[in-house]
Amino acid sequence: MAYGMIQLVPIAIVAGMFALFILSGLRSRGGQSSEYGFGGSYTGRVGIGAGIASNWMSAASFLGLAGIFYLKGYFGMAYVVGWTGGYVLLLVLMATQIRRFGKFTAPDFVGFRYESDTARTLAAVISIIISVIYCVAQFRGIALLVSWLFGIAYFPAVIIGTSLVVSHVVVSGALGVVRNQKLQYFVLIITFILPLMLLTRKLGYFWILPQFGYGAAIGELQQQFGFNWSEPFASTSLFEWLALCFTLMFGTAGLPHVLSRFYMVPGIRDARWGVVWGLFFIALIYWSAPAYGVLARLFEARNGLTLNAGGADAADMIALSGAGLGGAPLWALGLLAAGGMSAAFSITAGLLMNGSASFSFDIYPRLIRPNASEQDKVYAAKAFFLVLAAVVMTLTFQPWGMIAEIAAFAFALAGNTIFPAFLLGIWWPRANATGVICGMLTGLVISFMPLFIGDTLPVIAHLFPLTSSAFIGAPLVMIVMIVASLLTAPPSAAIRLFVSRDVHDCPEN
Amino acid sequence: MENTSTHTDPSFFKPHGTTMRSEVRVISFILSGWLISIVGCQLFAYLLEVNYSELLLDDLIFFNLPIQFWLSGQLLPLWFIILCILFNIWMDRRTVQNLEGSLRFRIKATRGEDE
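For the record, the sequence lines run as chains A and B.
FYI, the numbering for the first sequence is 1 to 509, going by the numbering used here.
FYI, the numbering for the second sequence is 1001 to 1115, going by the numbering used here.
Accuracy of the hints is not assured; some may be wrong.
[Said to hold, decoys possible] Example chain A residues on the side facing chain B (calculated, C-beta under 7 Å, incomplete):
#	residue
1	Phe75
2	Met77
3	Thr84
4	Val88
5	Val92
6	Phe212
7	Glu231
8	Ser235
9	Pro266
10	Asp270
11	Arg272
12	Val276
13	Leu279
14	Leu284
15	Trp428
16	Arg430
No lab work stands behind these hints: they were computed from the structure.
Just so you know, these numbers come straight off a predicted model, no measurement behind them.
No residue lacks a Cβ here, since even glycine has one placed at the ideal position from N, Cα and C.
Model the full assembly from the supplied sequences, consistent with the hints where possible.
This is how it looks when you write it as structure tokens:
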């Protein structure tokens, strides 16, 4: 893959794809729109599923996962299982019930259920931190793609990428563009699978279903290059694998922007079946993602290149560089780049808008300016959007891991804080404000502990790895919530009755 | 704040009423299938690796993929979809039954047959 030169054809494809989305969004703006950035018209359960999937797809799914497979082999499967298995938790434990609360955001839910402004504000702060961390992963993906497209270094690519994201949100907002999520998912899946089919066909493998066809590459790597895939837990322990997998699942069921999806669907039944379709569409990507990592290794081995000579940046771009090494045409690379850009842009725009909405509705009028007018809140949201973008950009200059690892950290934080708050809030009416505040604070400490004292106390880093802390962390937080709730006064009879009768259809005592 | 100490709250482990009990039973069934499949597949791969080194894992190829890749990468996501479908089918049935029950009640009440 050639750095240092402008990739004209891929740039044209990326620009064309964004033009397509904007035009399509302008056509459908007569439909629904929402201040939370999840606008779009819903046509049936398949459409809801496509919306869930397109809202889920990010640079971590598109680029990061291939990089993890390329570097860590079977360990990458923890991401596949974690990011799909979380939807089972979400569906059976939360999807039906959270709709009955009738609240639109995670802070709304926490504030209402626990009858506490402090808990609501804390939930808003945590949601913003989660959004920032998740956005860093996306900005890194965008910066790497910009760096490749324009042949420039990573540092200026971060600045240009940030400018593009902000401009995209401003232009889309000014024109009133509504996201056409079905079209977006359709384009994403084509841009991801078509280049893979081309590569497997070129290799003479079973190209119609490259999700299975890439198995031949594993055999070839083993037989001809002595690369061993047969010891899944040779470099990482079973504990590390399970810790990451369950952290991602708890995080999936606790990510504010994922939970918000269920409020946006008109009917509860449609919401449930939409999850099934969404999971199927997401699985289509994850069935294919390992292939990019495996094929990239094979192409490198055939070309006599050493593994990961380019470091983490190269590993995160391995889907593109591997396809380039395999002789994929430039337009196919352009498709991959356009898919990655589109996934990263849409989720980043949504998260930044969510973060600024949380600030302007939950923090600004409560902590900073109690008598703020609606106009003040709008200005605060716009200003905070720019502040968030600047913070994310600054953090992206020195990212602390690969794209998928940074995203996993956001999942760990969500799994340690929002997930227990929702789970006990729904399933245990006795959980109270003191419990949830203690729990969320404990979750924050657990999530950031390995970052700050992991080097001094290796046992902390071992038990609570940065990307996988919710495996032990989430149950610990729940214990803290239960103990703190039992030691303090129960919540009001009204909210307990609401949870029993309205959420769970229990007969009144 | 009103303290209702005599009131026993329902919870996942102490469900109240037939609706919640049956829902919790199905959720437990689905979550057991979810947990056993995830841990079971990894334990299977781990035990094969520990006990037989790479010999067996080399030979066990399923749908063109090494067994551990197929189990975690292909089967588990598919199994999650199946679990979600089973849950939804059960929820739909319960919704229809509840609706039928409430309609029957309303019709009887209107005609005054139960009075």
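Quick rundown of the hints versus the structure:
1. Among the interface hints, the one on Phe75(A) is violated; its C-beta lies about 11 Å from the nearest C-beta in chain B, farther than the 7 Å criterion.
2. For Met77(A), the interface hint holds, the least distance from its beta-carbon to any beta-carbon of chain B being 4 Å, beneath 7 Å.
3. For the restraint placing Thr84(A) at the interface with chain B, the shortest Cβ-Cβ distance is roughly 4 Å, inside the 7 Å limit, so the hint holds.
4. Taking 7 Å as the C-beta contact cut-off toward chain B, the hint placing Val88(A) at the interface holds, the least distance being around 5 Å.
5. Interface restraint check: Val92(A) against chain B, minimum CB-CB distance 5 Å, threshold 7 Å, status holds.
6. With a least beta-carbon distance of about 5 Å to chain B, the hint placing Phe212(A) at the interface is held under the 7 Å criterion.
7. A hinted interface residue such as Glu231(A) counts as satisfied when its beta carbon comes closer than 7 Å to some beta carbon of chain B; here the least separation is about 5 Å, so the hint holds.
8. Here the hint on Ser235(A) is broken, as its CB sits about 12 Å from the closest CB of chain B, past 7 Å.
9. Here the hint on Pro266(A) is broken, as its CB sits about 16 Å from the closest CB of chain B, past 7 Å.
10. A cut of 7 Å between beta carbons decides the hint on Asp270(A): the least distance to chain B is about 11 Å, and the hint is violated.
11. Using the Cβ-Cβ criterion of 7 Å, the hint placing Arg272(A) at the interface with chain B is satisfied: the shortest such distance is roughly 5 Å.
12. For Val276(A), the suggested interface contact is upheld, since its CB lies about 5 Å from the closest CB of chain B, less than 7 Å.
13. With its C-beta approaching chain B no nearer than about 5 Å, Leu279(A) sits inside the 7 Å limit, and its interface hint holds.
14. Annotation: interface hint on Leu284(A) violated; nearest CB of chain B at approximately 9 Å, more than 7 Å.
15. The beta carbon of Trp428(A) comes within 5 Å of a beta carbon in chain B, closer than 7 Å, and the hint placing it at the interface holds.
16. Against a cut-off of 7 Å between C-beta atoms, the interface hint on Arg430(A) holds, since the closest Cβ of chain B lies about 5 Å away.
In the structure shown, a violation is registered for the earlier hints numbered 1, 8, 9, 10 and 14, in ascending order.
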